[in-house]
Amino acid sequence: GENVEQHPSTLSVQEGDSAVIKCTYSDSASNYFPWYKQELGKRPQLIIDIRSNVGEKKDQRIAVTLNKTAKHFSLHITETQPEDSAVYFCAAIPEGQNFVFGPGTRLSVLP
Amino acid sequence: NAGVTQTPKFQVLKTGQSMTLQCAQDMNHNSMYWYRQDPGMGLRLIYYSASEGTTDKGEVPNGYNVSRLNKREFSLRLESAAPSQTSVYFCASSNYGVNTEAFFGQGTRLTVV
Numbered sequence: 001g002e003n004v005e006q007h008p009s010t011l012s013v014q015e016g017d018s019a020v021i022k023c024t025y026s027d028s029a030s031n032y033f034p035w036y037k038q039e040l041g042k043r044p045q046l047i048i049d050i051r052s053n054v055g056e057k058k059d060q061r062i063a064v065t066l067n068k069t070a071k072h073f074s075l076h077i078t079e080t081q082p083e084d085s086a087v088y089f090c091a092a093i094p095e096g097q098n099f100v101f102g103p104g105t106r107l108s109v110l111p
Numbered sequence: 001n002a003g004v005t006q007t008p009k010f011q012v013l014k015t016g017q018s019m020t021l022q023c024a025q026d027m028n029h030n031s032m033y034w035y036r037q038d039p040g041m042g043l044r045l046i047y048y049s050a051s052e053g054t055t056d057k058g059e060v061p062n063g064y065n066v067s068r069l070n071k072r073e074f075s076l077r078l079e080s081a082a083p084s085q086t087s088v089y090f091c092a093s094s095n096y097g098v099n100t101e102a103f104f105g106q107g108t109r110l111t112v113v
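Just so you know, the protein sequences line up as chains B and R, in that order. Counting in our numbering, the first sequence runs from 1 upward without gaps. Counting in our numbering, the second sequence runs from 1 upward without gaps.
If you're looking for bench data, these hints aren't it; they were derived computationally from the structure.
Below, a list of computed lysine to any residue pairs in the SDA-like style, where the Cα atoms sit at most 20 Å apart:
| no. | chain 1 | residue 1 | chain 2 | residue 2 |
| --- | --- | --- | --- | --- |
| 1 | B | Lys58 | B | Thr78 |
| 2 | R | Lys9 | B | Gly41 |
| 3 | B | Lys37 | R | Arg44 |
| 4 | B | Lys68 | B | Gly55 |
| 5 | B | Lys37 | R | Phe103 |
| 6 | B | Lys37 | B | Gln81 |
| 7 | B | Lys22 | B | Thr65 |
| 8 | B | Lys37 | R | Val88 |
| 9 | R | Lys9 | B | Leu40 |
| 10 | B | Lys37 | R | Asp38 |
| 11 | B | Lys42 | R | Gly40 |
| 12 | B | Lys42 | B | Thr10 |
| 13 | B | Lys22 | R | Gly42 |
| 14 | B | Lys42 | R | Leu110 |
| 15 | B | Lys42 | R | Gln22 |
| 16 | R | Lys57 | R | Gly42 |
| 17 | B | Lys42 | R | Leu45 |
| 18 | R | Lys57 | B | Asn3 |
| 19 | B | Lys22 | R | Met41 |
| 20 | B | Lys42 | R | Phe10 |
| 21 | R | Lys9 | B | Glu39 |
| 22 | B | Lys42 | R | Gln11 |
| 23 | B | Lys22 | B | Tyr32 |
| 24 | R | Lys57 | B | Gly1 |
| 25 | B | Lys22 | B | Pro8 |
| 26 | B | Lys42 | R | Thr111 |
| 27 | R | Lys57 | B | Gln97 |
| 28 | B | Lys42 | R | Arg44 |
Partner residues are not named here, just some residues of chain R that face chain B (Cβ under 8 Å, in silico):
| no. | residue |
| --- | --- |
| 29 | Leu45 |
| 30 | Phe90 |
| 31 | Ser94 |
| 32 | Glu101 |
| 33 | Ala102 |
Beta-carbon label-pair distances, calculated as ranges:
| no. | chain 1 | residue 1 | chain 2 | residue 2 | range |
| --- | --- | --- | --- | --- | --- |
| 34 | B | Ala70 | R | Arg44 | 25 to 31 Å |
| 35 | B | Lys57 | R | Pro39 | 29 to 35 Å |
| 36 | R | Lys14 | B | Ala29 | 41 to 47 Å |
| 37 | R | Ser84 | B | Lys57 | 38 to 44 Å |
| 38 | B | Glu83 | R | Arg44 | 26 to 32 Å |
| 39 | B | Ser108 | R | Asp38 | 19 to 25 Å |
| 40 | R | Val113 | B | Leu40 | 20 to 26 Å |
Cβ atoms here follow ideal geometry from the backbone N, Cα and C, with glycine treated the same way.
Required output: the full structure, derived from the provided sequences and hints.
Written out as structure tokens, the structure is:
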């Protein structure tokens, strides 16, 4: 089955700086790659996703890039703000199969 | 449109007691999932149901059973609770085969003493 690795496990950045979180996956059949944000005590919620026929997708301050050849994808957050502090999870899903999440990255944005 | 609803939100059990966590979704999703999240840890899949009438084991199924009662409801049962099952449990749903967003319930914080 699919195996997803995520790095780093913790990340601290100064407010206004950029943050990058990277994930690798094992199953070349995976074709859907969502990113979830989980604030303290809350449920995970989707912030951005990308499909295998697209190399990059951007939504305001967040962007995701995908390299299918190398089997890795990354989340980029620019101009970080205190409200970006949360745990971020990536996932890689082969067509028609269940969600396999990475172990998560705890992002802290320091004022 | 409530999305995914879990009950209860909090529960304390004594070792050996049993309980059922309830989950219902109103988005007409085919797939439903149960995850557990331990402090500082990721989301580990317990069981999932790709469609009504089917269930499959995930990464950590031992000590749990599930029932896909109908398309809307997917319950998780602990037959004999153990302290190692102290965790936050999340139910989620998505459209199997379509790979769209997974929606999560608000979570159940379970403590086994």
